[in-house]
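Respectively, the protein sequence lines represent chains A and B.
Position 72 of the first sequence, counted from 1, bears residue number 71 in numbering that gives the first Met the number 0, the numbering being contiguous throughout.
Position 53 of the second sequence, counted from 1, bears residue number 52 in numbering that gives the first Met the number 0, the numbering being contiguous throughout.
Treat the hints as calculated values from the structure; they're not laboratory data.
Bear in mind that the values here come from a model prediction, so they are computed numbers and not experimental data.
Even for Gly, the Cβ is constructed at its ideal location relative to N, Cα and C.
There's no promise every hint is true.
If you want a taste of the chain A side facing chain B, the calculated C-beta under 7 Å gives, among others [unchecked claim]:
(1) 63
(2) 65
(3) 87
(4) 91
(5) 92
Within a straight-line C-alpha distance of at most 20 Å, the following computed SDA-like cross-link-like pairs (lysine to any residue) qualify [what the hints assert, rightly or not]:
(6) 64/A x 162/B
(7) 64/A x 155/B
(8) 90/A x 187/B
(9) 97/B x 45/B
(10) 90/A x 181/B
(11) 64/A x 158/B
(12) 146/A x 42/A
(13) 108/A x 161/B
(14) 64/A x 152/B
Single-letter residue listing:
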Amino acid sequence: MRRENRQGLIVPALRGWVALASLCLLAGTATIANAATDALTDPLRGSTPILDESQPPPLQNQENKDVRRVRSHPMQPPTIPHKIDGYQLDKSVNRCLFCHARTRIEETKAIPLSVTHYMDRDGTVRGDVSPRRYFCTQCHVPQDEVKPLVDNRFEDFDTVAKRPPPKAAAPAKR
Amino acid sequence: MLQLLKRYWVVVRRPARYFSLGFLTIGGFVAGIVFWGAFNTALELTNTETFCISCHEMRDNVYVELQSTIHYTNRSGVRAKCPDCHVPHNWTDKIARKMQASNEVWAKIFGTVSTREKFEAARLDLAQHEWARFKANDSLECRNCHAYDYMDFTRQSARAAAAHSALLASGERTCIDCHKGIAHRLPALPVPGTDVKAHTSDATPR
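Throw the hints in and build the complete structure from the sequences for me.
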């Protein structure tokens, strides 16, 4: 706050808050600035200064191997193992159901929707897909073959359960 | 009326009195070229995308929808234009389709699909006409570019290769059977087995 005021004195004609804030960022001492950029290096932005637009990575092709992936935990919605480019999913048409509908799976060999998709919020099983489960991509998403931007240390239950118990009675570090 | 017809019949039957045979043959030939050329030029003019999207019905509905699909923009920049898929390339078939399309002139004049709402209401009907046409000619307009004989199944996904080598190869299915709605939005489909219809009729939250 104090630094803001000082800047305001040096440069009288400030054009609003944005200019003020940016000047504050730029006006810090060299050490502070270095420390700040080191601390602020964001895996998603890289070392791009906060005022510049970062160059987004090019779009990748969706994985299209048709091999079902392991779920990380029992309640995880399974990911889509094929491309869904251009699949129409709106109130008139659900392209996913062309293959995944209950009545279509004999021919298409697709995975049918589980019965939970037919339940309304009271748990009553209806004759057709419940409107609240209609938009598949709210939960199910295709995957790209990319290097994850942030490190993921998730371990599923089986891995944790098989690990030998810790010797000391120290609580698990979170 | 009959008298008039008879008089003209006599004139037409009688040999020319003043014109030489050379004039009539060469003149007829030249006139033929001119008339045919004009006819064909006009026909080809109606066979361009510019002509199709000169009407707002096409420009604001189906043309917009096409633009996000792979038939409009893709990695290699080859694209399909309206007549590539919607007008047969063979001359006789093309003329037959053009005569049918005179109905579309009527629809334009009377504004059958002049608004978005009217178009959406007619969408299923219009789509079904095209599906029936593709089904009847074994997806000829698809096959003008996508020939089965030159498909490399090793370059297709396993799912596509399986479907093509089983269903397309045997002629059990034709392109349009599976590839509906690849270039335009699909209408709400009342097709049994897709479980789609229920969502439009019963989409009220419970």
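- Item | Hints not upheld, ascending by number | none
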